[in-house]
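J.: Taken in order, these protein sequences are the chains called C and F.
Take any residue in the first sequence, count from 1 to its spot, add 96: that is its number in the working numbering.
To convert, note that position 224 of the second sequence is 209 in the working numbering; the numbers rise steadily by one, no gaps.
Note that these hints are calculated values from the structure, not bench results.
Be careful, since some hints might not be right.
[As the list claims (entries may be wrong)] Here are the computed lysine to aspartate or glutamate pairs in the EDC-like style, where the Cα-Cα straight-line distance is at most 20 Å:
{"hint": "1", "chain 1": "F", "residue 1": "Lys416", "chain 2": "C", "residue 2": "Asp154"}
{"hint": "2", "chain 1": "C", "residue 1": "Lys158", "chain 2": "F", "residue 2": "Glu381"}
{"hint": "3", "chain 1": "F", "residue 1": "Lys307", "chain 2": "F", "residue 2": "Asp317"}
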Amino acid sequence: MSQHRLERSEQKLAMLLLIPSFLVIFLIAFYPLGSVFVTSFTNRTFASSVETETVGFDNYRKLLSLKIMKLEPIFDPDTGLQAIDDFSGEPAYQDPIDLLPRDPFRYKPLREFDLFGTRYVYAATDPKFIQSIEDTLFFTLTSVILETIFGMMIALIMIKNFPGRGGLRVAMLVPWAIPTAVSSRMWEWMFASTRVGVFNVIAQWMGYTDGQFPFLTDASTQIWAMIAIDVWKTTPFMALLLMAGLQTIPMEVYEAAYIDGCGAIRRFTKITMPLVKHTLLVALVFRTLDALRVFDLFQIVFAQKRYSMASFSYYQLIDNKMMGYSSAASVVIFFIILFFILLYTKISGGIQND
Amino acid sequence: MRTTKVLALCLVLLLAGTFSITAGGQQEAEEAGPITLTVAAGAVGQELVLAKEAATAYMSMNPDVEVIVLETPDLTTDRLGLYLQYFEAQSGVVDIYQIDVIWPGDIAEHLVDLNQYGAASVAADHFPAIIENNTVDGKLVAMPWFTDAGLLYYRADLMEKYGFSEPPATWDDLEMIAEKVQAGERAAGNQDFWGFVWQGNSYEGLTCDALEWVVSMGGGNIVEPDGEITINNPKAAKALDMAAGWVGTISPEGVTGFGEEDARNMFQAGNAMFMRNWPYAYSLGNAPDSAISGKFDVVPLPAGDSGRGAAALGGWQLAASKYSENVEEAVDLLMYMTSYEEQKRRAIVGSYNPTIKGLYSDAEVLEATPFFGSLYDVFVNAAARPSTVTAPNYAEASKIFFSNAHDVLTGKQSGAVAVRNMALDIEDLIK
């Protein structure tokens, strides 16, 4: 009985002692987050004395409404065959601008695609935002995979003993140590659309272009340029984390495997991978969340040409002054990132249960 | 026990820190030393140097004032973003802002009414159109600093070399000359030579360039002063298609990523026949280190189907922040920086167009920049962007215009589709 009371009073004390931490967390995390949530339901204008009104879910509806509609082919009245579009030189279909609904928000075509011989249009009320989500997800997936592969390769080499290892380890970290603002400008220069840029010189030398290819304005290369910069910059970070993980594996395990006649590939898949798995997972979580929030790279190199999710939200807030709309975009980004956190928690939980 | 000691130590340090901060604060308040004024100025071309020189001159006249010139981003869109962050925080960090001709309507509520500080008497000396532009609800929120209009720069030496006597009067002439010179120069060994460079990046500068094409073709002013949205017409579509046709032929593919400075760098290195740019490029092009010094000249932009050429009205103003701690001193500095003498110095050293009418007949100014006299009409009749009629949504209206135009330049849509999208989007925005 007395023990019971003691337990309870200790619990009380624990709660009491936790209050300051809760207070701090509330102030620095929940309050700002909550105010973004609240603002996202208004039409608040940034840096202005314009009256703010509550608009319900309008911001979200405008951000996220998607529609897929079928386009009818256009026939040439003279020949009875499908007409040819003057601009693209391809078979003509109905103009999606006429077809798409305009109330309460106008749907704008994002892209057209064919499925089983029928043409469809994929439209959104804010195609730039949907595009920014697609771009950011593609950027995250590709860059994180590449960084993991290269990072692992570098880490495996760097843990070996060889002369000059110390110096090489320092050199390896240089790209990561350069501020993104500086390295983005540096790469922007290398990607220059004339032969000022080293990539154009190389591409011309290899016979791919005439030395005037606009890597940063051509839609097909834009995201790949971003991925190249990010992989260059962040692979060292990945390698560093993985190196720390690899160093915890005792050498004796490898020696035993070697004596038992285990080949290099089997040693990697059966010993290295399982033992470095936890470190790898932590590194992946770090990088994925970081890549999803990418802002500086896109803002510096692309400005208004193409957005990441974060630079879209920044544009809406700062340049467009639509604080409510920008907050709603931020909330959507928050949920996308939350989804990835939950996904990783689920995966890591699975590993721990092994 | 040890934890308690550590905690106690932390507490002591914290208290000591607080004390030193308070003490520092008091000290600062006691020395009522020189007033510091911060000017947020641009850094395109010689802007920064000229602003710093003006600051130094002002400080030598007013020893009790310290003037700091703050460098701001080159892209106008980025610069507005920076300013708005100061305004939202009602920050007094910056006292004087260099603001674009399109912003007064949008940010007037954060700016000081200069008429209350005796600016009205000076305002009459400036171009009335710009003073009107800077007057919001009867308040003069900014003093004109320099005006700008789009001009066509051309290489006079190459015109002669290829047997052309007159600079191009129409876009067709320009295309024809550019093609011939580009082919010739490339055959002569300069693989990086292009016919025509301009501002094609997806930003405010493209709004200016594209407005010039559209107006010269007779396609209207995007949104007319009475609020009618006129951009959806075949002439405007044709203008955009015409420019898209230059990309990859007489202009580099990369022109769709060019701002003012990219175009100038290429032209000044001797790698372009024609350039569309603002007047500031004139004195830089004639600098001793320029590859084309003395080899180029300036004319109005070519005419399109309307029979007339059009120049977009640009230019920058100086405005005092309402949140400044020394409004009176800030206005005094602002009036100095926009004064007759200072604008004259800037016109001579940097070929920045004065906004004071009298300077266009000043002998010293005309000697330094002869085209100020011959192109006076271009500056007075420049086409204004529809910033007043779309205020306070001009930034978004312009973004709709330039991003759709950019999509035409990069081949994502045709001019006809683009002008339709522009009209629909602008209607959604301002209706």
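J.: Evaluate each hint against the coordinates.
T.: Do the hints match the structure? See the list:
Using a Cα cut-off of 20 Å, the hinted pair Lys416 (chain F) and Asp154 (chain C) holds, with the two alpha carbons roughly 17 Å apart. For the hint pairing Lys158 (chain C) with Glu381 (chain F), the CA-to-CA distance comes to about 16 Å; that is within 20 Å, so the pair holds. Taking the CA atoms of Lys307 (chain F) and Asp317 (chain F), the gap is near 14 Å; set against the 20 Å cutoff, the hint holds.
The structure is consistent with each of the numbered hints, conforming to all of them.
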